[in-house]
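A.B. asks: Given two chains presented individually in distinct reference frames, assemble the corresponding complex, making use of the accompanying hints.
Taken in order, these protein sequences are the chains called A and B. Sequential numbering of the first sequence, starting at 1, is according to our numbering. Sequential numbering of the second sequence, starting at 1, is according to our numbering.
Errors might be hidden in some of the hints.
Each pair of labels, with its calculated beta carbon distance range [claimed, not checked]:
| no. | chain 1 | residue 1 | chain 2 | residue 2 | range |
| --- | --- | --- | --- | --- | --- |
| 1 | A | GLU65 | B | PHE167 | 32 to 40 angstroms |
| 2 | B | PHE59 | A | ASN137 | 30 to 38 angstroms |
| 3 | B | ILE20 | A | ASN179 | 42 to 50 angstroms |
| 4 | A | ASN179 | B | THR205 | 44 to 52 angstroms |
To be clear, the hints were calculated from the coordinates, so they are not data collected in a lab. A virtual CB, placed ideally from N, CA and C, is assigned to each residue, including glycine.
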Amino acid sequence: MYMENALENFEISISSATCLKSNNTIFSDINYTLKSGELLLVMGPNGCGKTTFIKSICGIQKLEEGAIKLNNVDISHGDSQHLGNFLYIGHKNSLNDSLTVFENLEYLCALDRSIQNNIKSEITRNLSFFGIENYKNYLVSKLSEGNKKKTSLTRLLLTNKKVWLLDEPLSYLDENGANKVLKLLNNHLIGGGIIIASSHIDFSVDIGNSKVFYMDNSL
Amino acid sequence: MIKTLFYKEFQNYFRNLSSIFLPLIFFFLIISIFPLLIGPDKVLLNKIVPGIVWITIIFTTLLSSNNFFKDDYNNGYLETFLTSDSSVEFILFLKIISCWLFTCFPIIIFIPLVSIFFNISMKDSFIIISTLVIGSPVLISIGIFGSALTLGLAKNSILVPIIILPFFIPILIFSASAIESVSSGTPYEMQIYILLALLVFVLPTMPYLLKYTLSLSINN
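Just chain B, with the same shape it has in the complex (with noise of 0.2 angstroms):
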């Protein structure tokens, strides 16, 4: 059953290439355009790449999680599987995983190579993708979580960045402080630790909040 729930979710991405593709062309649309706007300064933008690499990966999020639910519910599938015997946090967890799997990591794939475009040493490079593997899950998250709260309402697309930008706060301070740390000599194990406690503590709540969000969602 894991097995052919996990599959459903591939197939629907893989039938779907653009969603795969979008974010990755759109990091790299950015990625590129930030040097041809500010010029080849070498230093700047050795400094200024850790951001841009996490504004993708926002917009990204924002992007993907935005209606995340919207087919599910149009064509009557969320109602089929909260009223299942199966278990529905766990479809939920696979749903979050899955979504992680096909908008982020790709971009975190091509992290190196950006690196060496921009001469970011491997240890920045190391801690950069370090503190997205551990984040982003998180901001896919919250991003779902947002799409399941506003998935009753109407006209819903520009609430849900309004409601989930300030829970996306704490995960990016702690990521920027840890590669300002990694770049400046001092320690960052503290950073990471704390954002791996969020990733321990959200990606497992996560799916009984969706569960709870979704059952009132549609209830009206």
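The shape of chain A in the complex, shown without the other chains (with noise of 0.2 angstroms):
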């Protein structure tokens, strides 16, 4: 199920996708394609469907007109297995505030089955990558933003897909944790894998292989 054996032919597609929301176009036609090791950067004002884009691509959000593809499986309508190598991180964090960091990423990384079952270990290990160990037994209700920005992302760390699907990754983040977040993408990148993130700042710079993608939507 998951693409470990095929990453020479990994290869997601993105043809003529069109977006409507009650009779706005958010995006048309757009033509991405995306091999392994490369990073599409979303980019463009407040607005203007960056959050609706990476949606359409996991399958949360449903397009009006055109199809992606990865390899060469259309995957649009969301209910093919292939969507079980994307990791959609959205800009909601996804995280229980009446539940301890460390709760919150146990019973996110038992949805994620590309994860092998003895994650404890895991869990405590990688948190010290942002530096939020200390923080692994409080409520997130306690925590600042940007503290529960990288629990968020500590699952980065955990999975074992192959894409991931990342809205606005360095909101909140000071600089030491936006240039981990960084690291952690470029190694994703040399391990072969695909990101497509969106983001106001332009950080394709320190980022080999990307492609950045500008949204101009003029309602």
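C.D. replies: Laid out in structure tokens, this is it:
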């Protein structure tokens, strides 16, 4: 089910993707092909449809026209098992306020079938990457926005999925944290992964092999 | 994985103890206020207690299911599990079961105690418990479906009861009829079978329906 053995042919193609929301065109006729080791950085002003674009790739947002293909299999209807290769981290953190950092990560990882069973020690080990190991047993409601973001991005270290869809991965992060995220992204690309990320900051200069896509929505 | 996800729901309810105790407090409030208002008429109270219990269950269901997906929707967890590669239907099934376990089940546990207060016979008490055990998971499922349906709307709190209350009526009719039959000594098996049929139909199909509804709700 996972594409670990098929890295050479790993490819996502977005062809003539068009999305409407209550009769407004959010984006139209987008064509991109991404191969293993490439990043697509979606940029643009607030409200231009970056989030909608990211969501449409993992099937949350339905496309009006066009197709998203993973290795030539159309996945835009959102029900194919190929969606198992995607890790979507939205700008909302998916963290439950009444659970601790550790518990939240444990449960988010329970949803991710690319992660092997012995996850508890892995989580503890990886929390130190962003320097939030001291917050391990804090309730998420007590954390600052930046630390929530770091908690949510720790999933990147734990998952084995090949395609990362990241919505505003750098928001709320301090410079140090942002650099660590960029390092993670670079490592993932070197390992043959694909990343589609949205941002209003152009970080493509820090990352090799990246394409930048400027969205310009004139509503 | 199943264990962890089930445990998450448990922890979530235990960290918010009010969500468990609110239905219970509500239940005991209503149960104790009725005799005060109606007066100590043993026969009349004996007759209306099953009705009071069912009304409490309906209100509890409405209360707990109204904003059932709100938190998960606001913090993004809904999107995360809808795009995950684990079984979404199964997670939703767990959510329904744990919602029932922490809102309706505590009330059902206290029915024998209430039966003693109101001098309800063992047989009547047993049939009230049976109809509740069979009927309340169906009510919870329908309530949760209502909240999934109105998730994308900004002001949905009035809409949910209006949408789901008509669907409660078959369950209420057959439950009331079963309780009535027992106290008048006529056969009650037919009503119980129909309730069971509803349960067996609704509980397995609801997760699939919910998955579809939720993906529509987060689409706009």
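A.B. asks: Could one say that the CB atoms of GLU65/A and PHE167/B fall in the range 32 to 40 angstroms?
C.D. replies: The hint (32 to 40 angstroms, Cβ to Cβ) holds, given that GLU65/A and PHE167/B are roughly 37 angstroms apart.
A.B. asks: Confirm or reject the claim that ILE20/B and ASN179/A have a C-beta distance inside 42 to 50 angstroms.
C.D. replies: Holds, at about 45 angstroms.
A.B. asks: Assuming the hint says 30 to 38 angstroms, is it satisfied by the Cβ distance from PHE59/B to ASN137/A or not?
C.D. replies: holds, 37 angstroms
A.B. asks: Tell me if the beta carbons of ASN179/A and THR205/B are separated by a distance inside 44 to 52 angstroms.
C.D. replies: Check passed, 50 angstroms falls within 44 to 52 angstroms.
Hint compliance for this structure: no hint is broken.
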